[in-house]
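*Asks:* What follows is the residue order along each chain.
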Amino acid sequence: MGRGLLGIEDLTRAEIEVILEKARSFQPVQRQANKRLDLLRGRLMVNLFFEASTRTRTSFEIAAKRLSADAVSITASGSSVSKGESLVDTLNTLAAMQPDVIVMRHAASGAPHFLARFLPTPIINAGDGTHEHPTQALLDARTILDNRDRIDGMRVAIIGDIAHSRVARSNIHLLSKFGVDIVLCGPAPLVPRELAELAPGVSISYNISEAIREADVIMMLRVQLERQHETSYPAGEYFRYYGLRPEHLRLAKPDVLVMHPGPINRGREISSEVADSQRSVILNQVENGIAVRMAVLERVLTN
Amino acid sequence: MAEKLVLRNGRVIDPASRHDATADVLMVDGRIAAVGRALDATGAAEFDATGLIVAPGFIDMHVHLREPGFEHAETIETGSRAAAAGGFTTVCCMPNTKPVNDSVHVTSYIVERARNHAVVNVYPIGAITKGSEGEELAAIGSMKAAGAVAISDDGKPVMNARVMRRAMEMARSYGVPVINHCEDLHLSAGGDMHEGLPSVRLGLRGIPAASEDVMVARDLLLAELTGARYHVAHLSTARAVAMVAFAKSKGLSVSCEVSPHHFALSDGNIKPYDSNYKMKPPLRSAADVDACVAGIAGGAVDALATDHAPHAGSEKMQEFEKCPFGILGLETAIGLTFERLVHPGLISLTRMIELYTTGPARILDLPHGTLAPGAQGDVTVIDPARKWTYDVNQSASKSRNSPFDGHAFTGGPVASIVRGRMVWQAT
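The listed protein sequences derive, respectively, from chains X and P. The numbering of the first sequence is this note's numbering, which starts it at 1 and goes up by one. The numbering of the second sequence is this note's numbering, which starts it at 1 and goes up by one.
So here's chain P without its partners, still in its complex pose (with noise of 0.2 Å):
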């Protein structure tokens, strides 16, 4: 007998087919079957969807998973439930795990731990370099047949201009997207915050602006030299905005993505020597905040993704600078998208859902973002005027490690349904 499941009376977005009207979503056996008014759904589970938005599920293309390697912060399981209860339905997580994933042999592991113990679609970046040394290619063909939908050295970027040069012919050759974690290694050495005047109060070491800005800018002319399809990862910078803003009206093959917390925090709302607040690319100044949220509204900005990056207790309760980079973020995007973009009116609701979908499918020929009949039946049921407080205690991520806990929003997700099946309903 066929599994039926059926949204009942919800405004339905769907940005790819332009569909906005109050309509039923019927998935059978995991697809979407249909969209339109009073389906017939015999022997459906029902849900009734009415004054909330129903949207295609929500993908994250930018998660910290941290399987294999440090199962003590996080799992392919436990991530992938964070990531269902903040209502995204497909996350792809970076390959710098231990082992890093520059093989077919991690790939593989992941594609096969996450088949088995993720509640959402997981899919695997691979390397750009063997461990993310910057030095020899990885095996990207491999990794690309073994599921691998984009390469990065995230965190550990290619400082050697000939070496990433060759990834992206290689990319290209492929058809693989490259995406960077963009900071020039030797700019921001040692630093803990971005550079500027509360960098300078605290005493800390400062992440420049311009460390950011000088990859930004080579791997654009790189990008310009290979023809790649080149990717900006938790773009957080003016001078990166309008690089990329330049790059797309030449008419090169380049996207960006930001993370939630660079447009919703700057380094002058850091708790001082908080350790939540601290990640790379660091909280960067308000100018740079404004302009991040300026390249999302106007279509500079192709994606948010949450760089959720989790770490265990221990190795954030330290001294600042000897803490490790990174926050959680899956729970609390779209709270903050909301509270930032949608309820001030920088954005519309249907662009904040482009961002979320289209924008990450695009980048990476994912096969989700859209409520067509036939996709895969992943829906992300939101409530815009849903009033919820963030508890990290109860987070289902294994860590705690968020600036956000405590902080009660307006606007969030109420369901997540993956393969016509429900993952996450808020309680």
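With the rest of the complex left out, here is chain X (with noise of 0.2 Å):
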């Protein structure tokens, strides 16, 4: 059985801590003109998204590049899977092709979890259903430590539909092991009573006023139509209620980072003014990912 990376809640704080170290190592490539390191020549990724993705699918290829490895791209679109293909077939049709790493994106939660019990590659999870996104995670705690000392003791807030939430449920563990008082808030229906259980520190509020107050950080979230199965809130007040607006601002700690895994819905779920503000870091986070990634390709192509 491969050692992959399938989530957050699985790790250690220390084995977060040497990515996170490892991940700040590599910021400073991406400013040399040579951007290349030779740490996995030779090494195959194959990414395989089953659902749409732009950053990223790319930023894992721009990450594998980097540190000299193959990267191939497929998508579930142009494979198999639409042909009738079972997931177990895919996956075993891929692996018998000696990939060093399979990268995978799917709508269904678990869905790489459980290939990992019947392939011996190891499968980095790259967003399954609403369950995780560690390498979202993992670049998101990279942005705030760009900007803090510590993430200990600090107060984040995160809004928006966190029951569909992968990147909520990744963040929510990451943060819980370094005692961060966690604040989610959304509509009720988006946000079930059992998360507070989630991890130590949770604690859940229907108010955005309440929610974001001495915040230190903000995560902002997609409200993600698609993952609805039915409207479960009323959408057309949904800005009113659980938008991020720059009045808001002033009630958390005056340096907040505001943060959002992408991509924006200007309008819907954060004010441009906020998106485009000095406190926004959406874009660090983007940059992040190429070294968080590349951390983690090092550590399971490595280990």
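All clues given are correct.
Okay, the calculated beta carbon distance ranges per label pair:
hint: 1; chain 1: P; residue 1: Ser314; chain 2: X; residue 2: Pro189; range: 29 to 39 Å
hint: 2; chain 1: P; residue 1: Glu112; chain 2: X; residue 2: Ala235; range: 50 to 60 Å
hint: 3; chain 1: P; residue 1: His117; chain 2: X; residue 2: Pro120; range: 34 to 44 Å
Simulated from the structure, these hints should not be mistaken for laboratory data. Quick reminder that beta carbons are idealized off the backbone N, C-alpha and C, glycines included.
Assemble the dimeric complex from its two separately framed chains, guided by the hints.
*Replies:* Structural data, given as structure tokens:
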């Protein structure tokens, strides 16, 4: 059974810190004229995306290339999946081509966990359904640490559709391991009460002003209409109650960081003014995605 | 010449006749001839039951035999062999076949196939509505005449309360019990497992306990309105146990069954994304499990039934949310009942036997579940101390979907006898 990266929940704080520190060491590479390191020469990474993705897939491809690994990307629409092949058969076929790692995104929660039971190739989870998106949480933590000395003891508000968010779950697990005071906020159908028991330090509020009071970090989530199986909240008034606007920022710490995993919906969950403000580190997150994925690939492929 | 079988020196427990003593059981020509000490059984095949429990043949009132239509997953023959290997001598099969058993033709087909291929007694359960579509009532009376012992739209519960009311009224006229798989399909829509912390943790959509409770409540009110005999299938929540107990206290003619996986496992026991833990109702919370156990021990629960639901490997080897619901149950039921209920002292051996014999026989008016002389010669022989390990790859079922593969049990069946003939013996 390969040792990949399926989620944050199973990692220890120490393991997370090693990845974050390694990612920091890769950050300067991005600013060099020659951005290529020779660490993974001859290794093959296969990107297998069963769901549309631009930034995560591209970010993994760039990360692999910067480490001199070969990268092949496959999207479901052009693959045998559309010909009715089962997931297990698709993965077994790919594994027979001897990749060193498979980076996988799938709409079903647990799809990579299910496959990891049968497959020798290590799998990196690039987002499984509404479960986890571990590299997103790692790049978010890297971004926070670029702006703060430590994560410990911070207050972080996560706002939006928590129920359907793999980004939220991974961040909750990561931040909780650092003793963060985590406030989840959104309309009740999207913030089930059980979330408060998911990890230590989590609380729930249905009021955005209350949630972001004294916050060090505000993580906004995309309103994911494609994951809603029915309209579970009045969409027309979402922005009025849960959209982040300039007046909200005054309630948070003066140096609050505003984050968003993208792609952002301006005017739906975040106002343009906030998205483009000095407090926004959204583009830093994107940039850190490469360094963090380099660190993860290096960890998985050199262990 | 008469065909004779005698079981010697077992502890014969027959709750129906309040018998619990060491005795011989003699069967002649497929019927119980005598129960007593040192019976004269000249010419009979002998079975030494010393140290074993001899009970009336066990009844599983809720199985899926998949025939007609899904013979790749199970057939009446293979399902009946799995039943025998689990200590069951009678099974009642649900109507969600292809075509649905909503007519005298399908009922008769099942009866005929069972007569020629099954090693245990098989009783079909007919559909409540045509195609189990929840709209137009099926031919309830004709199916009864052809051998159906109850009606149910198992797996596709009747959502329209008015249709359910009419079904109960008709069933009452014909003296047929109505069995419901209680699940409000709007509340459970899209769900893959019980709604709670584990579902939230795994990012899987939840099936709230309320989806079961709402329909149990509705049906109990309709049972009161119509006077129908009403039975809750695979009951799994604390509230449902309480509501059934309350309805009984009001004198309603209601009953319920619990499945072994629902008293043995909670949602906290699910191996993440392992489809062998996916069924409906889903594995509920630990508090629900405790309430089901209390209901079984206290009398609110009338029967244990496996909801044996075979699915071919290709169907279960998929992403969790794509897999069909249901697991095997026939071969592990008695082992689980010993492990979770009898050995811990929560129920007596006699109570266990009631739950698998007189309980279901009474609910469905079945001519089984007793060792009284004259009764059909169906016997389950049990060894409470037998150590065995379940190997699903050796299962008599065609399918392999069980979460109990590799599980070590203490206590289980050692022989199944149907109409005076040994149909299965432990090796």
